[in-house]
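*Asks:* So the protein sequences, as listed, match chains U and C. All the letters of the first sequence, read from the start, carry residue numbers 1 to 104 under the working numbering. All the letters of the second sequence, read from the start, carry residue numbers 1 to 200 under the working numbering.
To be clear, the hints were calculated from the coordinates, so they are not data collected in a lab. Where hints are given, some of them may not hold.
Unchecked claim - Partner residues are not named here, just some residues of chain U that face chain C (Cβ under 10 Å, in silico):
id, residue
1, 14
2, 43
3, 56
4, 57
5, 70
Keep in mind it's a predicted model, so treat the numbers as computed, not measured. A virtual CB, placed ideally from N, CA and C, is assigned to each residue, including glycine.
Given next are the chains, with one letter for each unit.
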Amino acid sequence: MKIMHPSSKELQAWLDGNGAPRVDKHLETCDRCAETLENQVGDNQTPTVHDALATVLKPTNDMTDQVAEAVRKRLDNREVLEIFGGLFASGVETTKILVTEEGT
Amino acid sequence: MEGPRDVDAMKDSVENQVASQPSTDDAVKRDPDQLHDLVVEYSEAVFRLAASIVRDRALAEDVTQETMVKAWLALPSFRGEGSLRGWIFRIAHNTAISALRSQRALVVDPTEMPEPDLPEASVEEQAETKEAFSDFLAELHTLDDLSRSIVVLREIEGFSYQEISEILEIPLPTVKTRLLRSRRRLSNALKEWSHEDNAS
Ligand SMILES: [Zn+2]
Chain U
1 MKIMHPSSKE LQAWLDGNGA PRVDKHLETC DRCAETLENQ VGDNQTPTVH
51 DALATVLKPT NDMTDQVAEA VRKRLDNREV LEIFGGLFAS GVETTKILVT
101 EEGT
Chain C
1 MEGPRDVDAM KDSVENQVAS QPSTDDAVKR DPDQLHDLVV EYSEAVFRLA
51 ASIVRDRALA EDVTQETMVK AWLALPSFRG EGSLRGWIFR IAHNTAISAL
101 RSQRALVVDP TEMPEPDLPE ASVEEQAETK EAFSDFLAEL HTLDDLSRSI
151 VVLREIEGFS YQEISEILEI PLPTVKTRLL RSRRRLSNAL KEWSHEDNAS
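Let the sequences and hints guide you as you build the complete structure.
*Replies:* Here it is in structure tokens:
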């Protein structure tokens, strides 16, 4: 079966955000059209886009410290739970042994 | 942006640790310094990706925290296939998508798009920055979740197309085409603003 690639006009419309769903779907997997688009617009990293993204997505200055603290706390709580879990499990085992021994 | 040498050093340190830590149960008892290193090395980058996906700074911080806990606990199972950095970003992406889905289930109006807050600054600075980036933010918000992740992973974190394809588990042409379109749209939004700025 012959694959129908979108025309350059359709690709341009897709780039401008007006692409047909068929084109959208096609571009998910078509290497040839990806290359055509790359040739059409060029694959250059844009410093302005990088800078703008870095600005709007910048975390607060103390975020790393806050995350470190919160993660540490969560892991400590987990450790405590594991220790209690272990004690509880051994308690259950002891009870089982006692019950079984008493029962026999 | 992280230097590749720092990432390599972290990877070596963590990989040595992985080799000496056979069980996930021991994860919480490992060296606290290494946990701190992991958080310092990756949390800002994870936050940027999370914020681009969930578009809410408080939620992005929760996602960052959750990602760090998951990464630390799962570290012993990291087999060194691919980069540690890519592996952590995959956890971050999946965690952010789950958080976004839970949040969407609560949001009554799905078209409502919360604008991310701008970084710590004075009220005047915030107002100026907000104005300068309002078109950019609006355009960023109109991109689909996947495109936003792609553009952040490429433009900010500098991952290759192949790495992005593996992190997001999508075909390579999807990475390329969405990146080209997103970059063009975001770049146009900035151009429009700088034209207005020059005109005024
Ligand atoms: Zn094609």
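*Asks:* With reference to the structure, classify each hint as holding or not holding.
*Replies:* The hints, checked one at a time:
| no. | hint | in the structure |
| --- | --- | --- |
| 1 | 14 | holds, 7 Å |
| 2 | 43 | holds, 7 Å |
| 3 | 56 | holds, 6 Å |
| 4 | 57 | holds, 4 Å |
| 5 | 70 | holds, 5 Å |
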